[in-house]
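Undergrad: Read off the chains here:
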Amino acid sequence: MTRQVYLDNNATTMPAPEVVEEMLPFFTEKYGNPSSIHTFGSSVAGDIDLARERVAQLFNCTPSEVVFTSCGTESNNYALRGAAGAQPEKTHIITTMVEHPAILTTCRSLQRRGYNILELPVDRKGRLDLDRLAEAITDQTLVVTVMYANNETGTVFPVEKVGEIVKSRGCLFHIDAVQVPGKLPVDVNKIPADMISISAHKFHGPKGVGALYVRRGTRLRRFMTGGHQERGRRGGTENVPGVVGMGKACELAISSIEEERKIVAARRDSLEQGILKAIPNCAINGDIESRLPNTTNIGFEFIEGEAILLMMDRKGISASSGSACTSGSLEPSHVLRAMGVDFKSMHGSIRFSLSRYTTDDDVDYVLDKLPPLIARLREISPFGMHARLPETAPR
Amino acid sequence: MGWDYTEITLDHFMNPRNVGEIKDADGVGEVGSIACGDMLKLFLKIDESGVIQDAKFQTFGCGSAIASSSMLTEMIKGRTVDEAAKVGNQEIAAALGGLPPAKMHCSVMGREALEAAIADYHGETVGHEEDEEESAIVCHCYGVTYEQVRRAIVENELRNVQDITNYTKAGGGCQTCHLDLQEILDEVLKAGGEAPVTENSESAAVPLTNIQKMLKVQQTIDTVIAPALLRDGGGIELVDILGNVVQVRLTGACASCAVSEMTMRHFVEEKLRQEVSPELDVEEIK
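Protein chains in written order, with my numbering: chain A, 118 to 512; chain B, 4 to 289.
Just chain B, with the same shape it has in the complex:
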């Protein structure tokens, strides 16, 4: 796996602009931590008319984290705070000529540091959303909140859990939050008037024949459900289909898992209903 960085990214990594700190900064934003593997500290010097006169950064992180920080400071210098506040992670990535998918979280870190610095300038703090649900941690490995995940999905039009991990790092550690991430994703897509990424619109319209239903159930188990369970060390086998009752057997870690009952209801059934038919019920055969 070599590096897939653009010339602009390499240039901003090898010759980063605006490195350092501003002692009498008007706004300071700090995101990430050394334990998580990357951290960015952004310093802003802002004049009376609200124009960012100077921006400096310090970054602990990989090449793309340093390049994203450098590019961010170049993009906001000379702009008013209000203009700068509109810089999103997509613009940072685009200015670098694009980032590899697994590195998009570096651009998100830039946007978050910028927000934190602007909030600091306004005498506020970010990360203290009023709503308890919003500030709830979803991914405990990397301390990613519900709101961070939700925003990343909306702003970057994310469509699957791997995307969420690439953009926010959520789900990149122990992976036990993958089902939660999928739920947030489904929720956002539903709220946006968009059906979750499945093909159920057509399948709902035309009733499936028995054989079509069976094939589709098997296919959904093989391509969607089994890979997801595999990440937690589990497995699933299709035993039989009787009318609308799908009988499955959980194997590996799932078989002995106390929450397997929940796994069944919340995940397997939901997926089969989405992908195949809303009529389906799932039954676990021990």
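With the rest of the complex left out, here is chain A:
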């Protein structure tokens, strides 16, 4: 069997064994409804409380400020649509060109309902111009929504500074922090955000559960009408196994930040340096000064990303690409386009995203398999002759 090396952890992660273990009883004997009057059901409410406390610890907030949702996309929808519903007189929303579709599509949907949406540009490294952001805020601005870290390049936005600017102007500040838990702190005592979206499956929790931090006093129109669950903010019987799993994943994420910063970042760096050394004509997309510890996005000139992914896939390596051919549309990634990445490498950009389960052997395996594969595709490419010869012969 081919070896499997999973380097697509910004897409989703392996559920931690500890998470799965805590979830299992809720699929079998502990199936009660937490809203029930009887002990069999109501005892489960205690498990939800514990999970909420654990999520609150991740945010360093109080448990009542945590709303469980079904995913990061729902959290983002709830934040923007909930804010719009509570303050209908404000019709201006500021975001960035490099947000996840969960934000951009929601903004465009609001735009069709008459909202003015400003998508702030980024520079070549994917950084925001904070002065421009400050100038853009008006009395009409309902909310500024900015991601904490970019899913494609790993570029981290200075959310503390953004928050200071936004809060000094009196509008709401929402952060899409889906890529961040377990990698960087998400401390609401340091980051002046009103709302923060996260999703469990991005940090070794289960799929189908997310959360929105809502700072006390923030007015949001309820997103899902129904029962009294989530203090009436989101009706519907809780996804108990998911919520429990998310709680455990948050606990693990808090304690893994150090490991992530030292060990995962070191592995990412050795993968990145190994690739840059063995393969000519490739460059990092993103801001290496301010980046998630697990992500590298590398543009390979003169070849196309889908072809690279397909060849890697045949070797058991899973990664992803911002190339047009993998997105199901003909346009390459909106993030790389917004950054103005050179078209020579835009179509050949590959994202490698590691996790704490990635091993040194995994990195070595990729460094062994990738260079000849890139060289082969460049032989096929009409532009391949423009590539410099490798400094060391491909292994």
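Among the clues, some could well be false.
Lysine to aspartate or glutamate pairs mimicking EDC-like chemistry, simulated, CA-CA at most 20 Å apart [stated by the list, open to error]:
id: 1; chain 1: A; residue 1: K432; chain 2: B; residue 2: D7
id: 2; chain 1: A; residue 1: K324; chain 2: A; residue 2: E135
id: 3; chain 1: B; residue 1: K274; chain 2: B; residue 2: E186
id: 4; chain 1: A; residue 1: K394; chain 2: A; residue 2: D479
id: 5; chain 1: A; residue 1: K461; chain 2: B; residue 2: E33
id: 6; chain 1: A; residue 1: K486; chain 2: B; residue 2: D14
id: 7; chain 1: B; residue 1: K59; chain 2: A; residue 2: D479
id: 8; chain 1: B; residue 1: K80; chain 2: B; residue 2: D57
id: 9; chain 1: A; residue 1: K432; chain 2: B; residue 2: E10
id: 10; chain 1: B; residue 1: K216; chain 2: B; residue 2: E282
id: 11; chain 1: B; residue 1: K26; chain 2: A; residue 2: E496
id: 12; chain 1: B; residue 1: K80; chain 2: B; residue 2: D29
id: 13; chain 1: B; residue 1: K59; chain 2: B; residue 2: E94
id: 14; chain 1: A; residue 1: K461; chain 2: A; residue 2: D240
id: 15; chain 1: A; residue 1: K432; chain 2: B; residue 2: D14
Because the hints were derived from the structure by calculation, they are not lab data.
With chain A fixed as given, assemble chain B onto it according to the hints.
TA: The following block gives chain B in isolation, referenced to the frame of chain A:
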């Protein structure tokens, strides 16, 4: 979204045949560009009797672009130039055991490179159609001409704008040419003696009752017109129907658009006339 490639396609991708260039080629064809995300350069070695002795290629592109190029070279080697000229994109795709719909443009790129190489052999250049209309660019994002779109429609029996994008890439970028693509499509279908894909033949025959007409107008707006406007960030609401006058309100980007007047006449009205009744007039309520 995983890969939906056949074993033959995967084989021609992983083990492409005839990669490289022919230094003293008798015909060279080059299509696409690095900015557009795929490019194919085809080299032909042709003997005195007009037989293709050798064919080689270089491709920048995805798996199916490489596989289509490889298959193309295998299909034309040993054939005369005249025989090879008959190879169409459908045959390239079929030889690969089929391509996913969104990848059909890879086979079209193969056919275009082949044509360019044969034209080069004959001392001609393609892409300089005499007719100005034919060489006019329809899709500016991908530099696709009227003639390329028209041929793809005819040769592949395309029936909607999404098909055109799958086969030619036209309309895959900013999407502002979608109405133009629809017009070319309608034109080709009409010229081919085929009515545009609508159900108006039956509706024209039997007069609609008022309620049928209203339902049909609403349905056409919901399923045909609104989705098309949505692609440009616009929307449309049905306000009222008075006799044969359909009153609508444009919303979103369409409401403030300077060309909305044109959108109304050319698109909404045309669609409603096609789908519901040729008698209808459209009125915009601001």
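Undergrad: Taking the hints in turn, state whether each one holds.
TA: Quick rundown of the hints versus the structure:
no., hint, verdict
1, A/K432 - B/D7, "holds, 18 Å"
2, A/K324 - A/E135, "holds, 15 Å"
3, B/K274 - B/E186, "holds, 11 Å"
4, A/K394 - A/D479, "holds, 18 Å"
5, A/K461 - B/E33, "holds, 18 Å"
6, A/K486 - B/D14, "holds, 19 Å"
7, B/K59 - A/D479, "violated, 37 Å"
8, B/K80 - B/D57, "holds, 6 Å"
9, A/K432 - B/E10, "holds, 16 Å"
10, B/K216 - B/E282, "holds, 11 Å"
11, B/K26 - A/E496, "holds, 16 Å"
12, B/K80 - B/D29, "holds, 14 Å"
13, B/K59 - B/E94, "holds, 19 Å"
14, A/K461 - A/D240, "holds, 18 Å"
15, A/K432 - B/D14, "holds, 15 Å"
Hint violations for this structure: number 7 only, all remaining hints satisfied.
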